[in-house]
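S.K.: Spelled out, the chains give:
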Amino acid sequence: MEFKQVVGNRRTIRFFDPNRPVEPEKIQVMLEAANRASRAVNADFAKAIVCYRDELTDEVREALKTPTSTVQIDLAPVTIFWYGDTTFVNGAQDRLKELVDLGALPVTHGWTHPYVDDLVYPQVLEPLSKDALATTWAVSVEAGLAIAQAMLAGVDEGLGVGLHAFNAAGAKEVLKVPDTWVPMWILLVGYPAEDAKGGGQRPRRPLSESYYRGQYGSPWVEIPEVTERLKREGMIQEPMPADATERMKEIKQLADRFGLPS
Amino acid sequence: MTSGGIESQASVKQWAASPGLGQDPAEVREQKLGILEDFCTKVDKQPDELVAFCILRKKATGERFLSVKRREAINNWLDEFVDEQGWTGKQAVVNANVVRSFLIHNGVLIQGRVWRG
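So the sequences go chain by chain: A and B. Under the numbering used here, the residues of the first sequence are numbered 159 to 420, in order. Under the numbering used here, the residues of the second sequence are numbered 6 to 122, in order.
Hints in this document: simulated from the structure, not taken from any laboratory. Ideal Cβ placement from N, Cα and C applies to all residues, glycine included. Misleading hints may appear alongside valid ones.
[Stated by the list, open to error] Going by beta-carbon spacing under 7 Å, a handful of chain B positions derived as facing chain A:
1) Val33
2) Gly67
3) Arg76
4) Lys95
5) Val98
6) Val99
7) Asn102
8) Arg105
9) Ser106
10) Ile109
11) Val119
12) Trp120
Next comes chain A alone, as it looks inside the complex (with noise of 0.2 Å):
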């Protein structure tokens, strides 16, 4: 699938096929898309463990569940539970000096091993690793890279895939999670039992809202034309209709299907 079309056709799924196995292979292309993310210095920041349904006792499944996850882990057959890993800080000089022996950090830009050794690391990284606040701004941004690399992979492949919060302290417990590792999110993934295009896509406000050109005031002004190419280019989709009669139709039928509330 092509790249924009993948980022078009992404919805958060809520209602999974849940007796569809979903094929490890297509988790492994997941977890390689994180594992090919973005991230400052070279740190395996993101961690994930990726649970199949079936596999877990019932006992471990109830622990990880609470009055508002239940319903979305019970229709999922995969949820691949991530955490940020606090200790990044950890062989953060090796791999920069690795980087700089490879040219990926150049010398033109300035990189050297004193400057890593002498600088980067007593002065910036350490410091940075003893403070908490900054910590897990660092973790929670760059987990955040690999989960959603993770994320549109899973689309890619065919797949639904939404992100939730989770029982952090159960699964915590039950999973056994060094207690370095700081929960993120829950990606939840299955084939779609709903329209996968999840009747539309959810409203957005237009990009002068949130983007600015130069400095704060002054809106990013969209070219009409890149407007229109990414609608045909699948980035930009059908919103969903404020008439939603015929979701409310899909949600009981699924709601039908599943026993849920209605």
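Assemble chain B onto chain A, guided by the hints.
M.R.: For chain B alone, coordinates are given in the frame of chain A:
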């Protein structure tokens, strides 16, 4: 308590005005009200009290919030209720979710079991 009795409760009126109950045929509606009524009898709470049970106030600010623990308690009671009624399979899921529908249409986000067939 009779279904006529619970229908006078504000929370039941709100449910009745929603698609969760309001669009059902009369016999389905009666059946759903009966399930709610039986559940309320089991837990010894009126429908309005059941909704209020899920909502607490922060001591410091008085701000209302939905209690996770209280919703877990509701889910546990629903599991017991289903067992007591002898419901199994899809019926067990659907009937427990009737009570959750009542709570949802009163602003309580609560999820329970899913029928996976």
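S.K.: Which hint numbers doesn't this structure obey?
M.R.: 1 and 2
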